[in-house]
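Protein chains: 2
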Amino acid sequence: MIIVHKYGGTSVATTEKIMNIAKYLGRVKDAGNDVVVVVSAMGKATDALIKLAHEITENPDSREMDRLMSTGEQQTISLLSIALKTLGYDAISLTGAQAGIKTIGHYMKNRIVDIDAESIKKHLDSGKIVVVAGFQGVNEVGDVTTLGRGGSDTSAVALASALKGKCEIYTDVDGIYSIDPRVYSDAKKLPFISYDEMMELAYLGAGVMEPRAVELGGKYGVEIYVGKSLGEKNGTIITSIEKIKENKKMEQKVITGVSINENTIMVNVEEIPTNAQNVYEIFEKAEKSGINVDMISQNDVSSHHGSFAFTCPKTDMAALEKIGEKIEAKYENTSFIINPYVTKVSIVGIGLISNVGVASKMFKILAENDISFHQISTSEISISLIVDEVMGKRVAELFAKEFDL
Amino acid sequence: MIIVHKYGGTSVATTEKIMNIAKYLGRVKDAGNDVVVVVSAMGKATDALIKLAHEITENPDSREMDRLMSTGEQQTISLLSIALKTLGYDAISLTGAQAGIKTIGHYMKNRIVDIDAESIKKHLDSGKIVVVAGFQGVNEVGDVTTLGRGGSDTSAVALASALKGKCEIYTDVDGIYSIDPRVYSDAKKLPFISYDEMMELAYLGAGVMEPRAVELGGKYGVEIYVGKSLGEKNGTIITSIEKIKENKKMEQKVITGVSINENTIMVNVEEIPTNAQNVYEIFEKAEKSGINVDMISQNDVSSHHGSFAFTCPKTDMAALEKIGEKIEAKYENTSFIINPYVTKVSIVGIGLISNVGVASKMFKILAENDISFHQISTSEISISLIVDEVMGKRVAELFAKEFDL
Numbered sequence: 001m002i003i004v005h006k007y008g009g010t011s012v013a014t015t016e017k018i019m020n021i022a023k024y025l026g027r028v029k030d031a032g033n034d035v036v037v038v039v040s041a042m043g044k045a046t047d048a049l050i051k052l053a054h055e056i057t058e059n060p061d062s063r064e065m066d067r068l069m070s071t072g073e074q075q076t077i078s079l080l081s082i083a084l085k086t087l088g089y090d091a092i093s094l095t096g097a098q099a100g101i102k103t104i105g106h107y108m109k110n111r112i113v114d115i116d117a118e119s120i121k122k123h124l125d126s127g128k129i130v131v132v133a134g135f136q137g138v139n140e141v142g143d144v145t146t147l148g149r150g151g152s153d154t155s156a157v158a159l160a161s162a163l164k165g166k167c168e169i170y171t172d173v174d175g176i177y178s179i180d181p182r183v184y185s186d187a188k189k190l191p192f193i194s195y196d197e198m199m200e201l202a203y204l205g206a207g208v209m210e211p212r213a214v215e216l217g218g219k220y221g222v223e224i225y226v227g228k229s230l231g232e233k234n235g236t237i238i239t240s241i242e243k244i245k246e247n248k249k250m251e252q253k254v255i256t257g258v259s260i261n262e263n264t265i266m267v268n269v270e271e272i273p274t275n276a277q278n279v280y281e282i283f284e285k286a287e288k289s290g291i292n293v294d295m296i297s298q299n300d301v302s303s304h305h306g307s308f309a310f311t312c313p314k315t316d317m318a319a320l321e322k323i324g325e326k327i328e329a330k331y332e333n334t335s336f337i338i339n340p341y342v343t344k345v346s347i348v349g350i351g352l353i354s355n356v357g358v359a360s361k362m363f364k365i366l367a368e369n370d371i372s373f374h375q376i377s378t379s380e381i382s383i384s385l386i387v388d389e390v391m392g393k394r395v396a397e398l399f400a401k402e403f404d405l
Numbered sequence: 001m002i003i004v005h006k007y008g009g010t011s012v013a014t015t016e017k018i019m020n021i022a023k024y025l026g027r028v029k030d031a032g033n034d035v036v037v038v039v040s041a042m043g044k045a046t047d048a049l050i051k052l053a054h055e056i057t058e059n060p061d062s063r064e065m066d067r068l069m070s071t072g073e074q075q076t077i078s079l080l081s082i083a084l085k086t087l088g089y090d091a092i093s094l095t096g097a098q099a100g101i102k103t104i105g106h107y108m109k110n111r112i113v114d115i116d117a118e119s120i121k122k123h124l125d126s127g128k129i130v131v132v133a134g135f136q137g138v139n140e141v142g143d144v145t146t147l148g149r150g151g152s153d154t155s156a157v158a159l160a161s162a163l164k165g166k167c168e169i170y171t172d173v174d175g176i177y178s179i180d181p182r183v184y185s186d187a188k189k190l191p192f193i194s195y196d197e198m199m200e201l202a203y204l205g206a207g208v209m210e211p212r213a214v215e216l217g218g219k220y221g222v223e224i225y226v227g228k229s230l231g232e233k234n235g236t237i238i239t240s241i242e243k244i245k246e247n248k249k250m251e252q253k254v255i256t257g258v259s260i261n262e263n264t265i266m267v268n269v270e271e272i273p274t275n276a277q278n279v280y281e282i283f284e285k286a287e288k289s290g291i292n293v294d295m296i297s298q299n300d301v302s303s304h305h306g307s308f309a310f311t312c313p314k315t316d317m318a319a320l321e322k323i324g325e326k327i328e329a330k331y332e333n334t335s336f337i338i339n340p341y342v343t344k345v346s347i348v349g350i351g352l353i354s355n356v357g358v359a360s361k362m363f364k365i366l367a368e369n370d371i372s373f374h375q376i377s378t379s380e381i382s383i384s385l386i387v388d389e390v391m392g393k394r395v396a397e398l399f400a401k402e403f404d405l
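These protein sequence lines are chains A and B, in that order.
Taking full-length UniProt numbering, the leading residue of the first sequence gets 1, the next gets one more, and so forth.
Taking full-length UniProt numbering, the leading residue of the second sequence gets 1, the next gets one more, and so forth.
Isolated chain A (complex conformation) (with noise of 0.2 Å):
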């Protein structure tokens, strides 16, 4: 069987820390198995890199950023292969290049096109642990290219899928749970999630995988492995909604998890004249200030103007604010009001697609406890509610206690 383990950034911080991750591949390819090992730059080396780069210039060349970046992978597979061979082990490291990960896309944010995995393949034949760079590739003109943050986890499930073996993400925390155990101290760990649950969750500001990661396993059909501990196999597998059914010993549930996601502000923009063009204006402002617009409704409408509100992450409330200005300059009774005291809460679950009765049960447990919400949105698998701020943690509880997660 060939297992892909990929070590995020706090996993190798310290060459002790690498050494203890060596020692443990070591017992994985004595039992057997052929190891390929995916890691991170160590600790927070890439953000130093990265204000460096800050230093000369706020808005760095992106090629030159790549190969910046790359650079702290390099030195992690390296340590990592010289830790291994210490213990006795044959290894090799392997840049993403040579690992055979063909990139296409902008510098920064590449995605990956194609694996050619004949070189690891060779080096697993002959018995070697097999190190490989995450987070980097290489472009059609031969330069490093990278996958953008968290793009290790999609190195690891993209080598797994090339590979036609499994995927172990090891990372701070123990597993996926249906909520944040900082929330709701009751808080069950899963042990299996299907792709579909853990993308939302992922979206929704879970933070665990990345979800292009997830993504890609769902479409390959890897099935990966997140946990903490390096030795009981006590995390979550995330894997086909069938694979999950089959398994007798767990009862799928109507909802998987529940996500809180403090990084969200809502704008109501009111009495805006009615005009799909004002409409796209904003928008388009938006989309140029880079502002990652989510949850968009339109609130009101009479025949000359409208409302409608839209929520994005607090980091582009600078660029927000400008935006504000320049439609409020515009349009003379339009107000742009922001409002950073939100959260947002989101039900995630297989479950929801058939199962009608949950909407009008999460709306009961609201009207009960006597909760308010600003906006709703749906997706066949979540539904997700913006709430006041004070009130994020209660309405998790409430949904958790009552989907007993």
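Think of the hints as simulated: they come from the structure by calculation, not from any bench.
Worth double-checking, as some hints may not be accurate.
For chains that are exact copies, the list does not tell them apart, and a pair is met inside one copy or across any two.
As the list claims (entries may be wrong) - Straight-line Cα separation of at most 30 Å, BS3-like style, residue types lysine-lysine; simulated pairs: (1) Lys51 with Lys29; (2) Lys51 with Lys128; (3) Lys364 with Lys164; (4) Lys51 with Lys23; (5) Lys121 with Lys219; (6) Lys233 with Lys288; (7) Lys401 with Lys245; (8) Lys121 with Lys102; (9) Lys361 with Lys188; (10) Lys243 with Lys164; (11) Lys128 with Lys102; (12) Lys109 with Lys285.
Put chain B on the given structure of chain A with help from the hints.
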């Protein structure tokens, strides 16, 4: 004109220094030159990486060390390219591999066998300043390799050779002196020095330039400027003896320089049974222990027992002591005496070839000042003496005065 600049670790230690270099390179480019720049890792970055590896093991794998150490230069090329672009100059960074630097040999001490300069030429033709990672290349299996410490000098000279350009080495000394100014305050900076003389000075411990770089310059006739200031050109030009003779501004002296090498220990092996095998045994052991044996001399020969002496760097002391113990254990009457309190003083000059009076003048000075020496060795253009450590500076000063350096 194509000019290849080289900046060492001290010159690129901070982003502020990198920005200053970028401004200078911009002026050189604006003056109508094609500019290639070779850089080292920032400050002590390479040492920090080596320290990390040594936290894991005393003997890290060489291939992995090459990858690890090569990342420092890759960071500098990115940052310098970002700085150049910020100033409005088109620039591109290239790793050793991308710059076409092919190497062969053992990891950690590869040598350049070929440079495919097509990629650099293409970028120069499109008006770019080309920023190349020093100290590294790529071997026949596609692995990154390094050229040994100080290898960036070699990278720069090799590129200048391949591009038929000039080479300018910017370092933390402002040129080549006839004698270390810290030893002799009246030391004169040389406007010119020949490849051969510079090579002797480099090997003899002057330490300004990597000897292999000078050798390469001599072999391919690359003019090398060595200096400090980013403005006025007041450093030293290393070139052929013919070019120096053509230049009427300078009278060729018999002696060009004096060097002091305090990193020297002398070993006297006394009363060893006279037998080529026994001598070979010692040097074989020394070679296997990685000891860099320098001067060797036979002191005294009788029919059955002989004595000889050799020198090596102080850093080899521990390995040397082990060999001494073995030799003394094996041969009953043999003494293996290590003397760390010595210094090597050397005089270098093309004039030595044809000027037989130099050696006698040297001995006269020593005699007049009552200075004894332990060992002497000569090459075509140099004479080296081993003297007591406390006398080293005095001897160098006497020579400097006598030969008007």
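_Within, between, both or neither, where Lys109 and Lys285 count as close if Cα-Cα is 30 Å or less_ = within (21 Å within a copy, 55 Å between copies)
*asked:* My question is about Lys361 and Lys188: at a cut-off of 30 Å on alpha-carbon distance, are they close within one copy, between copies, both, or neither?
replied: within (21 Å within a copy, 91 Å between copies)
_As a check of your reading, is Lys121 near Lys102 (CA-CA no more than 30 Å) within one copy, between copies, both or neither?_
both (16 Å within a copy, 26 Å between copies)
*Classify it for me, Lys243 with Lys164: is the Cα-Cα distance of at most 30 Å met within a copy, between copies, both or neither?*
Within. Shortest intra-copy distance 17 Å satisfies the 30 Å Cα cut-off; inter-copy 65 Å does not.
*Check Lys51 against Lys23 for me: Cα-Cα at most 30 Å, and say if that holds within a copy, between copies, both or neither.*
between (33 Å within a copy, 21 Å between copies)
_Intra/inter-copy verdict for Lys233 and Lys288 if alpha-carbon distance must be at most 30 Å_ = Close neither inside one copy (45 Å) nor across copies (48 Å); limit 30 Å.
*Taking 30 Å as the upper bound on the Cα-Cα distance, should Lys364 and Lys164 be classified as within, between, both, or neither?*
Neither: 46 Å inside a copy, 81 Å across copies.
*If the cutoff is 30 Å on CA atoms, where do Lys51 and Lys128 land: within, between, both or neither? Let me know, please.*
Classified as between; 26 Å across copies, 36 Å inside a copy.
*asked:* For Lys401 and Lys245, with the copy left unspecified, which applies at a CA distance of at most 30 Å: within, between, both, or neither?
replied: Within. Shortest intra-copy distance 23 Å satisfies the 30 Å Cα cut-off; inter-copy 93 Å does not.
*Between Lys121 and Lys219, at a C-alpha cutoff of 30 Å, which is it: within one copy, between copies, both, or neither?*
within (22 Å within a copy, 44 Å between copies)
*Using 30 Å as the alpha carbon limit, work out where Lys51 and Lys29 are close: within a copy, between copies, both or neither.*
between (38 Å within a copy, 28 Å between copies)
*Checking Lys128 and Lys102: alpha-carbon separation at most 30 Å within a copy, between copies, both or neither?*
both (23 Å within a copy, 26 Å between copies)
Hint compliance for this structure: hints 3 and 6 are broken, all remaining hints hold.
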